[in-house]
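Enquirer: For reference, the chains in residue letters:
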Amino acid sequence: MIHHSTLIFFLSGFFLMAGCTTTRLEEQTNLPFEILEGESVVITSNSYHVGNETETDFLQCINKSLIKKQKTFNVIPTQQFINQLYPWFEPRTAPQTTDDLSSFLARDLVRERIETLDVKYFVNISGQTKTNSSSGALTCAAGPGGGGCFGLAWWDDTSSYSASIWDLSQESSVGNVSASVSGTSVIPALVIPIPILARTQKTACEELTDQILDFFSRN
Amino acid sequence: MNINHKLLLLLVVLCQSCTQSIVINTTVPEPLVEKIENFNIAVIYEDNIQNYQYENINSKSSACCEIDFSDSQLNLFRKILQSFFPGLIELPNNNSEMLSNVDLYMEPQLDAFEFLSPEESRNDKYAVWLKYKIDIYDNKKTLLSNWYITGYGEQNTGSFGVSESLTKAIDLALRDTGVNLAIKIEDDFDKLVKLISADL
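Going line by line, the protein sequences match chains X and P. Be aware that the first sequence starts at 1, since it is given in the numbering used here, and climbs by one per residue. Be aware that the second sequence starts at 1, since it is given in the numbering used here, and climbs by one per residue.
Source of the hints: derived by calculation from the structure; they are not laboratory data. The C-beta atom is built at its ideal place from N, Cα and C for all residues, glycine as well. Be a bit skeptical, because a hint or two may be false.
[As the list claims (entries may be wrong)] With the C-beta cut set under 8 angstroms, the calculated list includes, among others, these residues of chain P facing chain X: (1) Val28; (2) Pro29; (3) Pro31; (4) Lys131; (5) Glu154; (6) Asn156; (7) Asp171; (8) Val179; (9) Ala182; (10) Ala198.
Model the full structure from these sequences, guided by the hints.
Expert: Put into structure tokens, the structure is as follows:
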């Protein structure tokens, strides 16, 4: 009886912890800056040519979240901006560091287009979601009389992202914010598998968006 | 052989004959480039630019194996070349006529198309390479230069389906070809002009 109680206690604790996330946020300001109402920012990311692994759906999440959460400045959707500047903001030609900004802006047509769009800042996102460890076992089987799964599997994810705010007029980074979210997901299965997922990437997206907004609002 | 074995065999045969096919419909945006005036360029597209169809029955890729480029390559070259050369003339590829008002003839052709699937490269992305050869002739149809233009694209499988990932990787490779073509024209067109001038 005691054994059963102990087992239930541990399993309950495990399932309660699963799906939870822990978050670490950091912020750094390098230079003074300001953003005025109606000015625009663009969410960017480094190219796969330099080994960047930031997921496309994470960038889309940041875009949507920034558009939804504020009305002070405009957020030009990344793909729309890339198309407006084609072929000078493609993976091969987009600036990868603030050192590249001067040569990028040296093209008259590029500078004119950016001025027309009133873009003042690039928010350069880097980072990715990684699965650190996984364990457990889950077995599924099906036969003429039906099917089902049995077992327990769990894994730890860490979504670690940072945003560097590039001021196009100063051609330098005015600050950085970052968010790192860790969590354990678990799938217990007794005939039917019940996934309890830690949505680390979604949480990181929300946290990083709040960090970016906080950064812009304090300067 | 009982009925279950027959059904299983039929299923296996049917699955073997299933071939995924992908149609590419890439459209590149209007390029942001300076026009080059006062040059009359004629372009002749080879067949493998106009409607290239890739088929690989031996591929290990799960995105196997028919890829129809439809008119994506043609649209790409048209968009880039017309943005640089407003008076671009397009000629059929069986043309042998010499036009008096043409300064340069360009003949683009697809030289190579390759891709790696996640299974082959043992990571979670599709990688695509394109290589084009552009033969450039003067108005007497003397070969002046060969330009080799490449394009590379990669796409994580991530939240996309297998076909969608490969389609996006090809889309990026075609856009990258447009980037390299634009850079090549900006960097090397002056050299062609000098060759024409020396020829006169």
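Enquirer: Take the hints in turn and mark each one as holding or not.
Expert: Okay, the hints, checked on the actual structure:
The criterion of a C-beta within 8 angstroms of any C-beta in chain X is met by Val28/P, whose closest approach is roughly 6 angstroms, and the hint holds. A distance limit of 8 angstroms between C-beta atoms decides the matter here; for Pro29/P the minimum to chain X is near 4 angstroms, and the interface restraint holds. Nearest Cβ of chain X to the Cβ of Pro31/P: about 6 angstroms, under the 8 angstroms cut. The hint holds. Given hint, Lys131/P at the interface with chain X, is violated; its Cβ is 15 angstroms from that chain's nearest Cβ, farther than 8 angstroms.
About 5 angstroms separates the beta-carbon of Glu154/P from the nearest beta-carbon of chain X, less than 8 angstroms, and the hint is met. Interface restraint check for Asn156/P: the shortest CB-CB distance to chain X comes to about 7 angstroms, inside 8 angstroms, so the restraint holds. Below 8 angstroms, beta-carbon pairs count as interface contacts, and Asp171/P has none with chain X, the closest being about 11 angstroms; its hint is therefore violated. The beta carbon of Val179/P comes within 4 angstroms of a beta carbon in chain X, closer than 8 angstroms, and the hint placing it at the interface holds.
Because the smallest distance between the Cβ of Ala182/P and any Cβ of chain X comes to about 5 angstroms, under 8 angstroms, the interface hint for this residue holds. Nearest Cβ of chain X to the Cβ of Ala198/P: about 30 angstroms, over the 8 angstroms cut. The hint is violated.
Going through the hint list in order, the structure does not satisfy hints 4, 7, 10.
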